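Q: Listed here are the chains, written in short residue letters.
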Amino acid sequence: MIGLLKFALKNILRRRTRTLLTIGGISIGIATIVTLGILAAGIQHSMGRVLMPAGVDLTITEAGVGDLIMSRITTKQLQKIQTIEGVETAFGQLVSVTRTDISPFFMIFGMHRQDLKIAGFEIVEGRDFADGSNEVIMGRMAATNFNKEVGDNIVLGIRTHKIVGIYESGNPIQDGGAVLPIDVLWANNNEAREFTMVLVDVADVVDVGGLGQKIEEVFDGEVIALSSIAELGKIDQGMEIINFAVYAISLLAVVIGGIGAMNTIMMSVFERTREIGILRAVGWSRKRVFAMILNESIIIGICATVIGVLLGILVIAFIMTFPTAKALIQPVYSEVIFVIAVIVGILVSVIGGTYPAIRATKFAPTEALRYE
Amino acid sequence: MNDIYARNIHKHYDNGRIRALNGVNLDIANGEFVALMGPSGCGKSTLLHMVGGLDKPDLGKLVVADQDLIKTRDLTSFRARTVGFVFQLHNLLPSLTAIENVMIPMHEIRQSESSRRKRALELLDKVGISKRVSGLPSQLSGGERQRVAIARALANSPPIILADEPTGNLDSKNGEQIMALLTQIWKTDGTTLLIITHDMSVAQRAQRMLYMRDGELSNNLPHSLCDDTGSAISFGGCFPGTKRDSERDIEVRS
Ligand SMILES: Nc1ncnc2c1ncn2[C@@H]1O[C@H](COP(=O)(O)OP(=O)(O)O)[C@@H](O)[C@H]1O
Ligand SMILES: [Mg+2]
Numbered sequence: 031m032i033g034l035l036k037f038a039l040k041n042i043l044r045r046r047t048r049t050l051l052t053i054g055g056i057s058i059g060i061a062t063i064v065t066l067g068i069l070a071a072g073i074q075h076s077m078g079r080v081l082m083p084a085g086v087d088l089t090i091t092e093a094g095v096g097d098l099i100m101s102r103i104t105t106k107q108l109q110k111i112q113t114i115e116g117v118e119t120a121f122g123q124l125v126s127v128t129r130t131d132i133s134p135f136f137m138i139f140g141m142h143r144q145d146l147k148i149a150g151f152e153i154v155e156g157r158d159f160a161d162g163s164n165e166v167i168m169g170r171m172a173a174t175n176f177n178k179e180v181g182d183n184i185v186l187g188i189r190t191h192k193i194v195g196i197y198e199s200g201n202p203i204q205d206g207g208a209v210l211p212i213d214v215l216w217a218n219n220n221e222a223r224e225f226t227m228v229l230v231d232v233a234d235v236v237d238v239g240g241l242g243q244k245i246e247e248v249f250d251g252e253v254i255a256l257s258s259i260a261e262l263g264k265i266d267q268g269m270e271i272i273n274f275a276v277y278a279i280s281l282l283a284v285v286i287g288g289i290g291a292m293n294t295i296m297m298s299v300f301e302r303t304r305e306i307g308i309l310r311a312v313g314w315s316r317k318r319v320f321a322m323i324l325n326e327s328i329i330i331g332i333c334a335t336v337i338g339v340l341l342g343i344l345v346i347a348f349i350m351t352f353p354t355a356k357a358l359i360q361p362v363y364s365e366v367i368f369v370i371a372v373i374v375g376i377l378v379s380v381i382g383g384t385y386p387a388i389r390a391t392k393f394a395p396t397e398a399l400r401y402e
Numbered sequence: 002m003n004d005i006y007a008r009n010i011h012k013h014y015d016n017g018r019i020r021a022l023n024g025v026n027l028d029i030a031n032g033e034f035v036a037l038m039g040p041s042g043c044g045k046s047t048l049l050h051m052v053g054g055l056d057k058p059d060l061g062k063l064v065v066a067d068q069d070l071i072k073t074r075d076l077t078s079f080r081a082r083t084v085g086f087v088f089q090l091h092n093l094l095p096s097l098t099a100i101e102n103v104m105i106p107m108h109e110i111r112q113s114e115s116s117r118r119k120r121a122l123e124l125l126d127k128v129g130i131s132k133r134v135s136g137l138p139s140q141l142s143g144g145e146r147q148r149v150a151i152a153r154a155l156a157n158s159p160p161i162i163l164a165d166e167p168t169g170n171l172d173s174k175n176g177e178q179i180m181a182l183l184t185q186i187w188k189t190d191g192t193t194l195l196i197i198t199h200d201m202s203v204a205q206r207a208q209r210m211l212y213m214r215d216g217e218l219s220n221n222l223p224h225s226l227c228d229d230t231g232s233a234i235s236f237g238g239c240f241p242g243t244k245r246d247s248e249r250d251i252e253v254r255s
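As given, the protein sequences belong to chains Y and U, one line each in that order. This note's numbering puts the first sequence at residues 31 to 402. This note's numbering puts the second sequence at residues 2 to 255.
Do not take every clue at face value.
As the list claims (entries may be wrong) - In silico BS3-like links for lysine-lysine, alpha-carbon gap of 27 Å or less:
1. LYS147(Y) - LYS110(Y)
2. LYS57(U) - LYS317(Y)
3. LYS36(Y) - LYS132(U)
4. LYS317(Y) - LYS36(Y)
5. LYS119(U) - LYS36(Y)
6. LYS40(Y) - LYS317(Y)
7. LYS392(Y) - LYS62(U)
8. LYS317(Y) - LYS119(U)
9. LYS188(U) - LYS40(Y)
10. LYS132(U) - LYS317(Y)
11. LYS178(Y) - LYS192(Y)
12. LYS72(U) - LYS57(U)
13. LYS36(Y) - LYS127(U)
14. LYS392(Y) - LYS119(U)
15. LYS72(U) - LYS392(Y)
16. LYS40(Y) - LYS132(U)
17. LYS188(U) - LYS174(U)
18. LYS264(Y) - LYS106(Y)
Quick caveat, the hints were computed from the structure, so don't treat them as lab data. The structure displayed is predicted, hence computed values, not measured ones.
Please model the entire structure based on the sequences and the hints provided.
A: So this is what it looks like as structure tokens:
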């Protein structure tokens, strides 16, 4: 088969410009998959970390709400969770978006002071707020972006608050917002004293998944217990929509690249009607002709995959040079996305090459030779 | 049995409007050297293609090297092992070197690259161009290309060589050399050689001449008949002014 591969390689090197254009077409599709996939995974991861800070084992939200921000867990439900066996600590957090004097959409988190640490908010400057006060702590990124320091005031909704500390959580969504005492947030806009979610730390020996199921059963399916970030899609459809968009755009890019590839391979096959006829005349089987054309296509596909993956990584590196992008997304270079890129690259070249290869096997040797 | 045995072969094109072969009978013995002549478009190439398993007749009986070509479904193996083709245009693949071109037919038969290479070198030596093995067809002269094509035809040691105007595109000196080579191979290897030509001097090398007209083999002229001067001239006079295929070819292309 070495001879066949070499032959295929020679064939595609004959029309370098065309080959390069074909490779370019497919590799843009592959790069799209890689770029969007890595960015979407990054967004998903950031979202997930809001929901499940590092020290938390289970996150309980209301079932059937579609968007996390709509979820409501009552104080009564929290108290019940705290009594379930295996739950070590459980505390509530309210997530909201509000209007501020600096930005129309600003993420705010309401919690009790004592839960800040386990929720992943690390004070790096100043101090914690006091419960019940008009004090807030602000994320490092928000502080930088909006030029705020410890001691400054900030208007959240209708009230003015005082910034007493700056925190870092390592999560761009949290670091781009602020945390204030939950009782103040309740007084402002939630008379019912509800939480968006309850974060649970589980005793070491307990099976987390099992406990999650148990909690769901205790509440008759009114709540959802997440035990890993991967389950994010269960409660937040926004993520599903992002994923769907990623798949749709990637598919489109790949299909366009694939059709381009099929087109050029088809062209090169028809250009070589005579040569293929000669190969058949001197004893090549249909199978070998098929394999040769498919090899050409797969070589193109492999080159395109390698280039596409590199291009995708390059595009992300470029995007990440912008501070705004950096503030929103931490790219997650998961292996899955690279595996998908490679599979798609090979698949596109196999599918794009099959039809031209079949056509090539249909050329009659005499048809090629009759122009003598 | 005869090496090539054909009875009542028909081949029509364009829904029967073109009757390329119109009931051809042909008997060629094992090891025989036969020249096939006739005006352009009379069906010579078509007949050669049928005999070589490139295409199938519409009707008739065709047995070549004990193989019934009409009943055989896949002729790939027959083409690879039983016949070697030499065409008027060398028909080498332009992207492959001389030796790679010679190795092409071996793919179906020899597994290892090194054994293919060894055999190809032997053959290129045999046809007298062992010094140009890695030249591309475009870098070779017309005569050299035709030598490579002959080496390719011999790749799998076929018992039958079919040549379609192998000297048609060469000047007389190179044509003479190519014919000398083919004749020598025929003598030393004992192959059956069927050659299409317009050139009397080429045809006279054969043991027997056949004359084709309008898709029919009109006559099996024994070689001795053409050998005496009168016959040869009158035979040549059968188609005065007929253009050679090569000239027609050039006209079509321009
Ligand atoms: N594949 C084909 N389709 C249609 N017509 C063909 C085909 N092959 C050959 N012919 C026609 O059949 C006739 C015989 O052709 P050919 O065998 O090439 O003649 P020769 O080799 O004697 O010049 C010609 O009229 C030619 O145009
Ligand atoms: Mg012809």
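Q: I'd like to know which numbered hints this structure contradicts. Please list them from smallest to largest.
A: 9, 10, 14
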